[in-house]
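Residue strings, one per chain:
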Amino acid sequence: DGGITQSPKYLFRKEGQNVTLSCEQNLNHDAMYWYRQDPGQGLRLIYYSQIVNDFQKGDIAEGYSVSREKKESFPLTVTSAQKNPTAFYLCASRNRQGDNQPQHFGDGTRLSIL
Amino acid sequence: SQQGEEDPQALSIQEGENATMNCSYKTSINNLQWYRQNSGRGLVHLILIRSNEREKHSGRLRVTLDTSKKSSSLLITASRAADTASYFCATDARGGTGRRALTFGSGTRLQVQP
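Protein chains in written order, with the numbering used here: chain A, 2 to 115; chain B, 1196 to 1309.
Honestly, the hints are just simulated from the structure, not real lab data.
Some hints here could point you the wrong way.
Sample of chain A residues facing chain B (criterion: CB under 7 Å; computed from the structure) [stated by the list, open to error]:
#, residue
1, Phe56
2, Leu91
3, Asn101
4, Pro103
Glycine included, C-beta positions come from ideal geometry on N, C-alpha and C.
Starting from the given sequences, assemble the full structure and let the hints guide the process.
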């Protein structure tokens, strides 16, 4: 089945440590997105990429970094500069062809501080 | 920034009743989308309504859009306990130079009592 796979499901970070969240899709979508969700809140955009080797900052990019070397993959690194990383992280993708396309989401990674 | 704002924040109803959720937004849009999120999971796309449409149906779901008031509503008829989830509206902004990512509201948490 086509879809988006996020791993790991749960991740723990120590102080001063960088951690990388994986997102892979086999939907052949050009566009990919990373969102952060805090308890009882909506989604806030961290980074997005419309095409391979290109990405843009979202609303809360500070303390995060991404790469888009392959169409299928859009990993997110939570750096030590992100002082409050505990949250639920969601990856999504979308077909860029034409307007009016929905986003498809993975099942998320829950990140906590040790 | 969170453009879409849902109302109410939480809603508790009995099985068989209808549930109505509202969403307001601020800028011009290409379309507005509704998503569902079960606890601890990713978002699932429910329905998309284009800016030139006023009403759309999908099974027990009915969505309306009023671009003059910059508002939308989601009606779930004959609710079931399995409809218990959080529901989010998301706007797809108009404008070629603007960011091409959805903007999500803060969500409505729906509890359907059996």
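Do the hints match the structure? See the list:
1. Phe56: Not OK, violated: A/Phe56 not within 7 Å of chain B, min 11 Å.
2. Leu91: Where the cut-off is 7 Å and the nearest Cβ of chain B is about 6 Å from A/Leu91, the hint holds.
3. Asn101: Nearest chain B Cβ about 5 Å off; hint holds.
4. Pro103: holds (4 Å)
The structure does not agree with numbered hint 1 stated previously, though it agrees with all others.
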